[in-house]
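Student: Construct all of the structure, not just a fragment, from the sequences and the given hints.
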Amino acid sequence: MNTENHADSLARLTAALLILLAATLQGGCTARAIHEGVADRGPVVVAAPVPEAARRKVAIGRFSNETTYGAGLFTDEHGDRLGKQAADILARHLAASQRFLVLERQDLGKLQAEAQLMGLSEEQFRKHLIGVDAIILGSVVELGRETTGGIWLVGKKKTQRARARVVLRLVDPRSGAVFYTAEGAGDATLESTSTLGFGGTAGWDSTLEGEAIDAAIVNMIHNVIATLDARIGPDSVPLR
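One rule links them: number in this note's numbering = place in the sequence shown (from 1) + 86.
Because the hints were derived from the structure by calculation, they are not lab data. Where hints are given, some of them may not hold.
With a straight-line Cα cutoff of 16 Å, these simulated EDC-like cross-link-like pairs (lysine to aspartate or glutamate) come out [said to hold, decoys possible]: (1) 143 with 315; (2) 243 with 277; (3) 196 with 219; (4) 143 with 190; (5) 143 with 228; (6) 143 with 277.
FRET-style restraints, in silico, Cβ to Cβ [claimed, not checked]: (7) 190 with 261: 17 to 25 Å; (8) 255 with 213: 54 to 62 Å; (9) 200 with 233: 40 to 48 Å; (10) 233 with 143: 40 to 48 Å; (11) 263 with 234: 13 to 21 Å; (12) 167 with 194: 28 to 36 Å; (13) 174 with 234: 24 to 32 Å; (14) 167 with 98: 58 to 66 Å; (15) 217 with 316: 35 to 43 Å; (16) 148 with 243: 39 to 47 Å.
Given the structure is predicted, the values throughout are model-derived calculations rather than measurements. Just so you know, even glycine gets a beta-carbon here, dropped at the ideal spot from N, CA and C.
Tutor: Structure below.
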């Protein structure tokens, strides 16, 4: 009888351990990207979209990577890839506000080449260009990454964190005067865990830098939009 009870207890213990192991392995490997604002996002801009015909015109004149981080990794034969990525992120947020027409300035050469294929001369191409109410100049002034990790009883954890700081200047194209500057900081984190040798740890993720820059821009975009609205909005005094 004691032998039967012992076998029954052992079977129940084994079943419980198998259930615990299955649950552990099911969550064996997780990875996620997290935006964490580290700067004041500023007041939330709540405004109705502006009809396209009435939207003010802005352009991103230049966006550069002024850091030494990833100088080779984020530069190729086409130039500063990180700066172009930051410009694209900013343009996306401005366009998403549905309050501005974002006009191309950084790749005018490519547009002109396309216009030539259509039979337009350089003079005709420039004649059709639309002037803007404000030029935005930007720089990534800080960019870095750190990796931390730890090992516990049945597994290990790895955390990659990228941080970025971005500076923007809003410029009156008629006078060249800078009428507003803004600075935003943000970071992005990728976590991965492995348990009992199952799952896996995340390798190098080059998208983290872009997500950190996106977070930095989000942290100041409300103030930028509010400033542009006040400076060049339909009820404001025209730019001089």
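Student: Does the structure break any of the earlier hints, and which numbers would those be?
Tutor: Violated hints (numbers, rising): 3, 5, 6, 8, 11, 12, 15; every other hint is consistent with the structure.
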